[in-house]
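Chains as they are written, first to last, in the numbering used here: chain A, 239 to 513; chain B, 2 to 268.
In short, the hints are calculated from the structure, not lab data. Idealized CB from N, CA, C, for every residue including glycine. There could be a bad hint or two in this list.
Simulated DEER-style distance windows between Cβ atoms [stated by the list, open to error]:
1) B:ARG102 - A:LEU375: 49 to 57 Å
2) B:VAL55 - A:ARG503: 31 to 39 Å
3) A:ILE492 - B:ARG257: 55 to 63 Å
4) A:LEU432 - B:THR137: 50 to 58 Å
Some chain B residues flagged as far from chain A (calculated, every beta-carbon gap over 12 Å) [as the list claims (entries may be wrong)]:
5) THR14
6) ASP97
7) VAL260
What follows is the residue order along each chain.
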Amino acid sequence: MSSAAMRPYVAVFRTRFQLLLQYRAAALAGFGTQCWWGAIKVMVFAAFLSGPVASPMTLRETIDYIWLGQALLTMLPWSADQELARLVRSGDVAYERLRPLETYTYWYARAVARRTATPLLRSIPMILTTGVLLPSLGFAKWGLSAPPGLSAATMFALSLVFVIALASAFATILDLFVVATLSERGVNIVMAPLAIVLSGNLVPLPMLPDWLQPLVRNQPFAGLLDTPLRVYSGHLAGSAALLAIARQALWAVILIALGRALATRVLRRLQTQGG
Amino acid sequence: MNAVRLYTRYVRTSLRGQMQYRGSFLLTSFGAFVATGVDFIAVWALFARFRQIVGWEFGEVALFYAVIGVSFALADGLTRGFDIFGELFVKTGDFDRVLVRPRSTVLQLLGYEVRATRIGRLGQAIVVWGIATRLTSITWSWTVWATLLFAVAGGVALFSGILILQATLAFWTVDSLEIANALTYGGVEAAQYPLDVYARWLRNFLIFVVPLGCVSYFPVAFVLGHADRTGVAPALLQLTPLLGFAFFGVALLVWREGVRHYTSTGS
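Excised from the complex, chain A in its bound form (with noise of 0.2 Å):
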């Protein structure tokens, strides 16, 4: 795509992430009660580690990922776009499909800003409370610690860019389903649980029995959340964790690849629903 074709699209970004931004009221109250969590989070595994059974991380390796899991929460896509669903609701989603502009590259747009602006806001706090209080504190042993080196902070940050391609494919299909289903709830429904086990939201997908590794590893939801946190740790490092981002990387091609060809089947014939 051309830089002036691309234009459009990067307006679409730029003032939805600005828009994004001006929720800091609702961001203090989510940022109090994932700190509440986290800390409960690390107490609860912290216990389980102390017990005789080795486990497959350690508790430093632990600890950074309940953290940084925490701050980039916001980053899942775990339920569908509200502000899509009222206009499918109401009918107005056909006024998306009048703009000279292609659909799923216009949804698209807007998925990457909201998967950017609000763990910016999300992240910022979390990160310097967990990094930089705690440890000032005394309670460097509880907190976010630094990444091991510069190749991991490195490919920790390459990892992200993939996470976002990856998390707006997936945001981007589940406005499909809305627009398909004509209600955001069934998607959430199916969506929600989802993500939060196979993403490692809930458990640091290599504590998960080992029986169930190979089938983990592959599935794309790991590259959501579980692949960034393992680099930035170094539990994931040199080839295993360029392993870990192409497969972050295929994933985004082939759920972009999947949106566009559902795309075209259900935008054909879209039902507005009116009056």
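Take the given structure of chain A and dock chain B to it, following the hints.
Chain B in isolation, oriented as in the chain A frame:
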């Protein structure tokens, strides 16, 4: 009509209304059952790997999980009026209408809606209760049942108290604030595990400030025959859910104070 009869009529009307959308009710309940079921997968997976947590086994933790789960499902189903109080009553000014009726505000808000779909969450907690029964060797005597049912009642009172406090906050903030979620959903999360997992500050908070530990950890530890691990006299353990009722009482007093401060938004 006395308060009890009025309340049962509220409940009947609310349930009948919801049953008009039977498909939606079934699907939402089933969704809640699956979503909370997923939560228990985490507990199972961790025990499959680590076998125990500071000496407690899977079946035992399942009972902690079940007792707090049943309490929250019941409270969440019964207190919908308080949960959405800010948005639905303060912001719109509809609380004015509640005030002019010759009945207590608490009764009217409790009767606002009984959420039938919470049966999904309740069902999940009961299934886990069954799992706990299979995996532990508790003899289900009358004392055991009485202790646990009293714990559940205390838990319902405690969670209702939290939701009433959340609603009271709306008198000042107008909109509903969801910070209480940290204490309801977050409280369920915390009380799923025995308190000796947590640091002292959190343990004290969960006993003396928001007594979640008193409506699950203490009575369940007693039933499991592990009174010694709690550091509290066994005779007292069965009575600790009383603190849940005390919390509810305090919440009602605060609510009354809030109602006195209420000024209509005029919309």
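Now for the hints, and whether the structure bears them out:
1. B:ARG102 - A:LEU375: 49 to 57 Å: holds (52 Å)
2. B:VAL55 - A:ARG503: 31 to 39 Å: violated (53 Å)
3. A:ILE492 - B:ARG257: 55 to 63 Å: holds (59 Å)
4. A:LEU432 - B:THR137: 50 to 58 Å: violated (32 Å)
5. THR14: The assertion about B:THR14 holds, with a minimum of 24 Å to chain A.
6. ASP97: Check passes; 26 Å lies beyond 12 Å.
7. VAL260: holds (24 Å)
Violated hints, in rising order: 2 and 4; the structure is consistent with all others.
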